[in-house]
Amino acid sequence: MQGNSIGFWILAALCIAAAVQVVANRNPVRSALALVGVMCCLSVFYFAQGAEFVGAVQVIVYAGAIMVLFLFVIMLLNLGAPNPMMDRVGLSKPVALLASAVLLGSLAFAGALKIAPGRAVKSPVSGTVQQIGYALFDPGRPWLFAFELTSVLLLVGVVGAVVLAQRRSD
Amino acid sequence: MVIPNFSIGPLHLLDVLPYVAIVTILGVILLLTPFLVWYERVALALIQDRLGPNRVGPRGLLQAFADGIKLFLKEDIRPSAIDATIYYAAPVLMMIPALAACAVLPVADLRIDMGGGRIEAIPFVVGNVNIGILYLLGLTSLQVYGIVLAGWASNNKYSLMGGLRSSAQTISYELSMTMAVLTGVLISGSTNMVEIVRSQAGTVADWNIAKFLPLGFIATVVYLIAMVAETNRAPFDLPEAESELVAGFHTEYSSMKFAMFFMCEYASMLVISGVATALWFGGWNSPHPALNFVPGFVWFILKVVAFVMVYVWVRATLPRLRYDALMALGWKRLLPIALAALVLTATWDAVRTPADKKSGWPVIEAPHDADKPVARASNAR
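Protein chains in written order, with the working numbering: chain U, 1 to 170; chain S, 1 to 381.
Warning: the hint list may mix true and false statements.
[Stated by the list, open to error] Facing chain U, a subset of chain S residues (Cβ under 7 angstroms, in silico):
1. 62
2. 138
3. 142
4. 144
5. 152
6. 343
7. 344
8. 347
9. 348
Don't read these hints as lab results, they were simulated from the structure.
The C-beta atom is built at its ideal place from N, Cα and C for all residues, glycine as well.
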């Protein structure tokens, strides 16, 4: 338990440092790389909680596919030179501050409410493939519909992208 | 071959086994790389009707060592306008996933005498984890960062083109590869590498390539094509196409940094061949029960070496693909075929499973009831 919490704090510090770099670094490629770091840290958190499947999927989907695409686009567009668009702040800074304050406040509130200090939250279900599958696809549970709806939503996104790209070319 | 479960002082065989596996597997992969380079050059020479390396050592066997020493002693050139941190980190970022992927490769099943005549099969693997195949997919997908970042940090047009090509290519072929792997997982009924290999015990007909005919075979072919593309080997070596991009992503790399890219290519070739062996070709299982007297790791190594031969053969035979042809093959041919194989396998599996074998949904407690019992299986439905 002691070793676990030491690992948690080291990893949490790493994760937050990387997350700050995502926002603070002026080089878009380094920002994206820091985001990859955050994803990997999150994945280790999932592993530490026993949610192996979610942890692995986190790496495969976010770090391995989505962030590669991000890097691809960043490199294709401006080759890593600092973007003058980032200097235009305007209204976005106060709005971002307000939004992050609200988020931080609600997270702190939820944390204070839910997790008493010193009480480790232990997940009763280990996140194996079978158990997640049973939980998601059980017709007696409310999640099947939402799950299928999400996949339809993703499909709509893909079809929409294809349609948009098609229109531009002719 | 039964091994007694012995212990030296406080060290018991079963506790030490994972560490023995780490040292053995990493050692074999790193030590095999020079011989693999030699193997490839000799095989290429045979196919192209040349002599190949024949100057250093008997039959040129030490040629790769001579090349290694040469690279080690070369000047470490640091180009001026690079992003230094990322430039130096890139070869390392490529090496780590390649070596870490060995952790779930099931090499052999040891028969260990647990005392009292009870013999148990203990897999010779570093980490016998339940999500083994997902771990492998995650690591192979991370490997592209090394190439992309090397190309970008070099601050060179050709390197950048190589990096961009690599990221597009890896994403495109990863989809087909994942679909093919999922088909294999469906056939075996497990995501654990050891279980996948154990499910293929018996004869050649029990290997995943021969199950669900022809679906298993189709998925295997898709996997084999995607695996060559994932390792950026010919005919999919567009990231380093020397006739158009100088040397692609590693143009600006010299001495040991270049050697690391070179070693990565061979290490990941070995690892990916090992995955193909475990997933489709029965892993450590012999092709026929009559050949069971040959130890499992021999079969595993033979199969991996055969795959490396396929890699070399393909490289010597096929010309490099044009870029649009590469994308068309990945998205318009392989992906639909892999998807169809996956869906058909799932349907076939669902139809042929007898109704009494279909288990009911086990009742799983909601995650926030921390004090309730873990999971109750119930077939009441």
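Task: Hint check against the structure, violated hint numbers in rising order - done: 1, 6, 7, 8 and 9
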